[in-house]
Structure formats: structure tokens, C-alpha cells
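Each protein sequence line maps, in turn, to chains A and B.
If you read the first sequence in this note's numbering, its first letter stands for residue 291, the second for the next number, and so on.
If you read the second sequence in this note's numbering, its first letter stands for residue 7, the second for the next number, and so on.
It should be emphasised that the hints constitute simulated quantities derived from the structure, not laboratory data.
Every value quoted in this text rests on a predicted model; they were computed, and no experiment measured them.
Ideal placement from N, C-alpha and C gives every residue a C-beta, glycine not left out.
There may be inaccurate statements among the hints.
[To be verified] The calculated DSSO-like cross-link candidates involving lysine-lysine, where the alpha carbons are at most 30 Å apart (straight line), are:
#1 A:Lys-587 - B:Lys-72
#2 A:Lys-485 - A:Lys-613
#3 A:Lys-787 - A:Lys-802
#4 B:Lys-78 - A:Lys-485
#5 A:Lys-485 - A:Lys-520
#6 B:Lys-68 - A:Lys-485
#7 A:Lys-613 - B:Lys-96
#8 A:Lys-772 - A:Lys-842
#9 A:Lys-613 - B:Lys-78
#10 A:Lys-842 - A:Lys-520
#11 A:Lys-520 - A:Lys-587
#12 B:Lys-72 - A:Lys-485
#13 B:Lys-68 - B:Lys-78
#14 A:Lys-520 - A:Lys-613
#15 A:Lys-587 - A:Lys-842
#16 A:Lys-613 - B:Lys-68
#17 B:Lys-96 - A:Lys-587
#18 A:Lys-613 - A:Lys-305
#19 A:Lys-305 - A:Lys-293
#20 A:Lys-587 - A:Lys-613
#21 A:Lys-639 - A:Lys-802
#22 A:Lys-305 - B:Lys-72
[Claimed, not checked] Computed Cβ-Cβ distance ranges for the label pairs, DEER-style:
#23 B:Arg-31 - A:Asp-816: 15 to 23 Å
#24 A:Glu-332 - B:Pro-188: 29 to 37 Å
#25 A:Gly-356 - B:Arg-179: 31 to 39 Å
#26 A:Arg-722 - B:Pro-188: 45 to 53 Å
#27 B:Gln-117 - A:Arg-474: 39 to 47 Å
#28 B:Ser-133 - A:Ile-603: 31 to 39 Å
#29 B:Arg-115 - A:Phe-403: 52 to 60 Å
#30 A:Ile-770 - B:Asp-59: 27 to 35 Å
#31 A:Lys-520 - B:Arg-31: 25 to 33 Å
#32 B:Ala-26 - A:Phe-403: 27 to 35 Å
#33 B:Thr-43 - A:Pro-328: 42 to 50 Å
#34 A:Glu-463 - B:Glu-45: 24 to 32 Å
#35 B:Pro-188 - A:Thr-441: 27 to 35 Å
#36 B:Arg-179 - A:Glu-332: 26 to 34 Å
Okay, here's what each chain looks like letter by letter:
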Amino acid sequence: MAKMSGADIVLECLKRLGATTVFGYPGGVVLPLYDRLPAHPEIRHILVRHEQGGGHAADGFARASGRLGVALATSGPGATNLVTAITNAMMDSVPTLFITGNVARNLLGKDGFQEADITGITMPTVKHNYLVMRAQDIAYTFAEAAYIATTGRPGPVHIDIPKDVFIEESEFEWPERVSIRGYRPVTRGNPAQVKRAAALIDAARRPIVFAGHGVILGRAHEELRTFVEKAGVPLLHTLLGLGGMPHDHVLNYGMMGMHGSYWANHAASNADLIIGVGMRMDDRALGRFADMNPTAKVIHIDIDPAEHNKNIIATIPIVGDVKEVLPQLAESIQARSHVEWIRWIDVVKDEHRASMSIPNGDELTTQFVVDRIADAIGHEGIVVTGVGQHQMWAAQFMRISRPHQLITSGGLGTMGFEVPAALGAQVACPDRVVWTICGDGGFQMTFQEIATMVDERLPVKMAIMNNGYLGMVRQWQELIYKDNYVAVAMSQPDFVKIAQAYGIRGILVTEKAQVTDAIAEANAYDGPVILDFRVEAEGNVWPMVPAGAALKETVESSEEIARLLGHAAAPVKAPTR
Amino acid sequence: MRHTVVALVEDRPGVLNRVASLFRRRGFNIESLAVGTTEEAGISRMTIVLDGDEGIVEQVEKQLYKLIDVVKVSDLTREEAVSRELALIKVRCTREQRRDVLDIVQIFRAQAVDVTPNSLIIQVVASGDTLDALVDNLRPFGIREMVRTGRIAMVRGSRSTAVHEHESEQAQRFHLESGRRPEEEELPFVSK
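Model the full structure from these sequences, guided by the hints.
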């Protein structure tokens, strides 16, 4: 067999994996790899402007397509710049492969130029990582890495390759199969547990489903729908679960959690059976664990057994892939409808609809803009958000109806995720309209990637919800820190001029009346667009469960939150259930 | 409650770091950790003693399993198990005291392995409690230095907690060698 250089082996591996899109940034130690790129025209290398952007782009690519996202960086600062993106992919279980170069083997551990112990740095924030010390190990490493990243609970895998390993020659031997005795994800639910769970579902009077990211990662939306319809169970989404069920499905009661609806949070708190599906019982979704719903029985389906009993004790934990477990459960249960329970939720919804609605006033608001974007792009478009108020409003009003439609940084809450992730999503889905709803703060963290969009002709529409504040921080400072605004107001550049500087379209929107036309103009333009929406400066996201409060303590106004936190003179009223 | 957890792990560079890092970031409290080779080439055995309630130990086991390099985890706490520690204890000991110290050594079925006119090294293999008792008895003489290995444990009877799954030759070679510095004499680019 002919020998190949380590660099050729790496590129050959990516082709075998079908991972032919690489978001990368060159540097000294990865030059041997870049030197060989022209010899592999099947690989599309996208030159980003910052490694963090490359990492988030790979993440956005993976979330939009369901395929492995790949990012590449050089050693030292290139590698450390990836760390935020790696951690973000870990927290949201996104199948990604991060490749870094490192200094030559004989310089490892000698603090050479641009050396960082990057495998040591990423160890706690990856699903697995490798330091490849010989060219002959590259192929097996890549096969194993991709297998680990894309199976079980997906996640980031990081491969670090010293410079001289790219140059070293070895035979290329692609392993037929990989087998890792320490890694055997269970996909099928234990039949006895499924049977017990089915009995609980059949006996329940007020059951509710919490559907999470696992439904989307596991491509189990059809299975979820079949199960929910047969069981007649109303359903709530976590932030990352949005899209697992169509928004307008009669059993879909929307998002729960810190900025979930009042009715969703009270349905969660009043259920007698909780069925967690591919979700990890996170504090942002569940509020204070102890008082989330202590009397409900809990069926918790997750492929990662460590999520069972971590935050919430499960009556019936089921380890498995939701795509396999949901049909098992659906077969074992009786067809039911829960008329009274659903009517109860509907009544609460009717009474509290106002706290999660689009303001009617003349002022331009993010809610209004989001609603109009949703109108314009429908569920075929992709919407990527940053982190903060605009993210929550997007989750509330984008009417997310299909998997992979909403891409957002949930677990890590990474501001600056939006622009590069949207870039990656547009690469993955060139035929879809990609909008990113940005905050004025987050946009300024990573908008250098507009240059990448220009180079690669990626017509991402960037809608900045410009309120001159770090909105969510300001909301907390207003409500929880008694109006003590500290380091939260921001002066902004002229975003339209930034668009001009990059040679793209920039649109300033100051009035409600301009919104629809501006969105249409952006959609009609064949290239990236920045839309600077000058929205209400001090709007708050409602409803809200303050950090550390219980879901049943969901508040709908500043007065209520002051009472809950004991800020005002008014006596603290026991929260109503 | 004190738990003894045995983790069988791939013997690869970084595996101890992965386990230690997991315990640190999840806030699990390790009392002792003993690592060594096993009957199976490529598998190391970690015996971990930790303090915590059942919920913590369940999380420890599950989080350990999430590490790709961890092959098998067993909680020996409720098992009939032989559990031992090795200690070397250097005791201050004059000639006049030597008889008294050696009496204690004999009672605990320990051994004196080094002697000087004013000191004695005692080697003992025992369960942790016995070892504590020995240390208490020796303390009045003055303990100058002590080292303990941490607990190792094994289930009694014919049942085995070992790893029974053998890897393909290719996988085994990969898992044994990957990530290690090659042993060739000279790497490319070595500065002379």
C-alpha cells in the first residue's frame, strides 16, 4: 500500500466520513495540512475570521443539517479560541469534530512558540479527545472520533495533531468498524421499564410531556407526535426542544421555563405525571428543583443515564434513544384523551395569555419584529438567535414548527453565537432562508464573520434588536437589583455603515410601519443584510421565573416580582398554585 | 456514608486526568484513589473511596461511565469484599522502646522492614480500620513519616468484576499505543 502523509490521511478521513465542509483558520503548525488542501478538492474549506466563529459555524452547520460539523484551528491561541465553541457544543450535545494542530512532538511540553496543552484544556468540555502521536493512528482516531461524536448522546470530539505527524508518512488504513468497550450506548428501552412507564401513563389523570433537544437530535419528531396523540398528553417544550412538535399542534402548549408561558409552567407544576423526553431537567427549564412538582411521578427517557436522578428523581428512568423508546411506549399504552386536564390548562391559558403577547403600542418592539419575521419566512426558514431577551422573545414568538428550524445556544448561553452559527447553518442549507435575531451586544462580539459571509456568498439576514442595552442584564438589574444599572448601557456603532463597510445591504428600521417592508427587502436581496431595528429600550421579557424560584412562582409583572422577592412594602403573598 | 467504587479503565495517557478532573468539577469528594494494572493487558484498575449519600454515588458511577476510557464500574460497598491498604510507617524508636514497638507490630501482624538505633520502618497490610488502630498505637512513640496506598478491594467468592470483553487486535493496539510518545530514537525535527 502506498504511503501518504498525515495531512493527506486527515483529509482522506474527512472524505470517508462525509464531513467535507471544514470551518478553519490556518497557522504555523497546520500549514502542512493546508498545503495539501488543494489536492483534495472535495473538501470545502471555509476561511473564517476568528476560530471561535469557526467553531460556532461548525455547531450551526451540525444543528441545521443533523450532520457532523467540523472546525479546524492551529495550535496555541487558535486552539484556545475554540474552547468556547467546544463547550457550547458540549452543553447542547451537538455532534462536532474539532481538529487542532500542535507543536512538533519533540517540542510538546517544552512551552514552545504557540504551544498550549489543548487536550488538557478541553478535557472537561468534550465528549472525548485525542492527542495523535503517529500518522498511522490518524485513521483509527478519526473513525472512532466521528463514531463517538454522532452516536449516543452526541457531542464534541477534539483531535489534536502535532505538526510533524501531519508530515510523517504512513499507510492509510480505514477501519471497517470501530469498537470501543468503554462506550456502548443503549438505544432500546428496557422492556420492563417501558411496561411500568406505560402503566403509569395509563393511570395518570394529569400527565404532561416535557420534550427536549433529544427529540431533534434523535430525529424522533414523528415518533413523539404519534406517542403524544395516542396518549392524549399535552406537551411542553424546553428551549432547545422547540420544533419537536409543530407549534400549532393542538396538544402543544409551548415553552416552559424561566421565560416559558404562565400556563406551561403551571401545567408542569400541577401535573400528576411528568414524561421527560430527551431532556436533562435543567434549572432554566424547571426552576427550583425541590418545588418544581414534588408530588408528580416522573418518567424520564434519556439516552444518557447520568441525567436520570441528577436534578430530579425519576420514578421510572428509561435509558434509550427516544426514537426507539417512544414507539415502544406508544405500543404499550391505551389511547386516551384528558379532556378535563386540557380544559384546565386552556382556562389558565385564556386567563394569562396577556403576559406573553405582542405589545399593541406604537413603539417598535422585538416581539413585533420577531412576529413579522416569522410571518415572512414561515417554518421553512431557519432562525438563529444570540442569548438574552431577543432569544427569549424569538422562542416565544417565532412559532417554531419543525426540527432544526431554531438554532440557539441553550446550555452555555453563548453571546456571539448567532452570527457565526447562522453562517454555518446557511452553508449546511443553501436553499433555506437563514435569519439571525441578534442582540446589539452579542452581534458586536462576533460580527467579523460577515467578511466570511461575503467571501462565501452566504446571504444571511442579520436582524439586530438594538435597544442600546444588554437587555437581559438590564432586566435583572431593574427587577432584581432594584434599578441599579451597572455596566449595561452601550453605545453602538452605526450598523448600517458597518454593512456598507462590508459591501452588504444595511437597513435602518425605527418605526413599526417600516418593519414588513424592511424584512421583504432583506429577503429579496441576494446577499447578507444587516437590519438595525431600534427597538424599545427598556422592555422586559414576561412571564418570568426569577433564578432560584419555582415554576409555580411564575410572575407576570414588575409588581409581582417585587412582591415575590420582598422588595416592596407590600406583604409577600403566597404564590397561588 | 463511605463507598468503595472500582473503575476498570483503559490504560491510556490522560485517563487518570480524566477521572480526577471529573471528580473535581462535579464536586465529588475522594478520600483515596489507588491505581494499578490488572490481569488484562491494557486495563488499569482504580479503587476509589469516597464519602457521600446514595445519590452522589449513583452520579459518580454514571458520570464515570460517560468517560469513554472507563470500561466498567462496580460499587463494592454492599458487597462481601476483601479490602486492604498497605502502609509504611517510620516510627521514632530508641533501643529501649524497640521491644514495645515490636510487640505492637506483632499484634497487628505487621512487619519491621528497616531498623536504625533511633527509628523503625513498619510495613503493614490491613483494612483501613486496622491500620488506623495501629497508627493510634504507634503515635505515642512519634511517627516521623507515613505513607498509605489507599484502599484496594476485591469481591469475595468466585464471581469476578473484571472486564470480560476483549477487543479486536487492531482496537487493542490502538487503545494501548495511541497518544503515547513514540519510542523511536529520533523524531523528525529534533534539534541537534
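Against the structure, the hints:
Between Lys-587 of chain A and Lys-72 of chain B, the direct Cα distance comes to roughly 26 Å. Compliance with the 30 Å bound is thereby established for this hinted pair. About 17 Å separates the Cα atoms of Lys-485 of chain A and Lys-613 of chain A, which keeps this hinted pair within 30 Å; it holds. Only pairs whose Cα atoms come within 30 Å are accepted, and Lys-787 of chain A paired with Lys-802 of chain A is accepted, the gap being roughly 22 Å. Taking the CA atoms of Lys-78 of chain B and Lys-485 of chain A, the gap is about 28 Å. The hint holds against a cut of 30 Å.
Between Lys-485 of chain A and Lys-520 of chain A the CA atoms are separated by roughly 16 Å; this keeps the pair inside 30 Å, and the hint holds. With a C-alpha separation of about 24 Å, the suggested pair Lys-68 of chain B and Lys-485 of chain A falls inside the 30 Å cut-off, and the hint holds. Note on Lys-613 of chain A and Lys-96 of chain B: the hinted pairing is violated, with a Cα-Cα distance of about 61 Å set against a maximum of 30 Å. Between Lys-772 of chain A and Lys-842 of chain A the alpha-carbon distance is near 23 Å, which keeps this suggested pair within the 30 Å criterion.
As the CA atoms of Lys-613 of chain A and Lys-78 of chain B are separated by approximately 26 Å, the hinted pair is consistent with the 30 Å bound. Restraint check for Lys-842 of chain A and Lys-520 of chain A: the C-alpha separation of about 28 Å stays at or below 30 Å, so the hint holds. Using a Cα cut-off of 30 Å, the hinted pair Lys-520 of chain A and Lys-587 of chain A holds, with the two alpha carbons roughly 20 Å apart. Note on Lys-72 of chain B and Lys-485 of chain A: the hinted pairing holds, with a Cα-Cα distance of about 27 Å set against a maximum of 30 Å.
For the proposed pair Lys-68 of chain B and Lys-78 of chain B, the alpha carbon gap of about 10 Å is at most 30 Å, so the pair holds. With a C-alpha separation of about 16 Å, the suggested pair Lys-520 of chain A and Lys-613 of chain A falls inside the 30 Å cut-off, and the hint holds. This hinted pair checks out: Lys-587 of chain A and Lys-842 of chain A have alpha carbons roughly 17 Å apart, not beyond 30 Å. Proposed proximity of Lys-613 of chain A and Lys-68 of chain B is supported: the alpha carbons are some 22 Å apart, at most 30 Å.
At roughly 57 Å between alpha-carbon atoms, Lys-96 of chain B and Lys-587 of chain A are farther apart than 30 Å, so this suggested pair is violated. Under the criterion of a C-alpha separation no larger than 30 Å, the hint pairing Lys-613 of chain A with Lys-305 of chain A is consistent with the structure, at around 28 Å. Annotation: proposed proximity of Lys-305 of chain A to Lys-293 of chain A holds, straight-line Cα distance about 18 Å (limit 30 Å). Between Lys-587 of chain A and Lys-613 of chain A the alpha-carbon distance is near 22 Å, which keeps this suggested pair within the 30 Å criterion.
Simply put, Lys-639 of chain A and Lys-802 of chain A have alpha-carbon atoms about 28 Å apart, close enough for the 30 Å limit, and the pair holds. Between Lys-305 of chain A and Lys-72 of chain B the alpha-carbon distance is near 28 Å, which keeps this suggested pair within the 30 Å criterion. Distance hint for Arg-31 of chain B and Asp-816 of chain A: a CB-CB separation of about 47 Å, inconsistent with the stated range 15 to 23 Å. Hint check: Glu-332 of chain A to Pro-188 of chain B, Cβ distance near 31 Å, so the stated range 29 to 37 Å holds.
Between Gly-356 of chain A and Arg-179 of chain B the beta carbon distance is about 33 Å. The supplied range of 31 to 39 Å therefore holds. With their beta carbons about 47 Å apart, Arg-722 of chain A and Pro-188 of chain B fall inside the hinted range of 45 to 53 Å. Taking 39 to 47 Å as the suggested C-beta distance range, the pair Gln-117 of chain B and Arg-474 of chain A conforms, at roughly 45 Å. Taken as a hint, the range 31 to 39 Å holds for the pair Ser-133 of chain B and Ile-603 of chain A, whose Cβ atoms sit roughly 34 Å apart.
Here the CB-CB span from Arg-115 of chain B to Phe-403 of chain A is close to 58 Å, well matched to the stated 52 to 60 Å. About 33 Å separates the C-beta atoms of Ile-770 of chain A and Asp-59 of chain B, a value consistent with the hinted range of 27 to 35 Å. Checked against the hint of 25 to 33 Å, the pair Lys-520 of chain A and Arg-31 of chain B fails, with Cβ atoms roughly 41 Å apart. The beta-carbon spacing between Ala-26 of chain B and Phe-403 of chain A, approximately 29 Å, falls within the hinted interval of 27 to 35 Å.
Roughly 48 Å separates the CB atoms of Thr-43 of chain B and Pro-328 of chain A, a value that falls within the hinted 42 to 50 Å. A C-beta distance of roughly 30 Å is found between Glu-463 of chain A and Glu-45 of chain B, which places it inside the suggested range of 24 to 32 Å. Range check, Pro-188 of chain B to Thr-441 of chain A: Cβ separation about 30 Å, and the 27 to 35 Å hint holds. Here the CB-CB span from Arg-179 of chain B to Glu-332 of chain A is close to 30 Å, well matched to the stated 26 to 34 Å.
When held up to the earlier numbered hints, the structure conflicts with 7, 17, 23 and 31 and fits the remainder.
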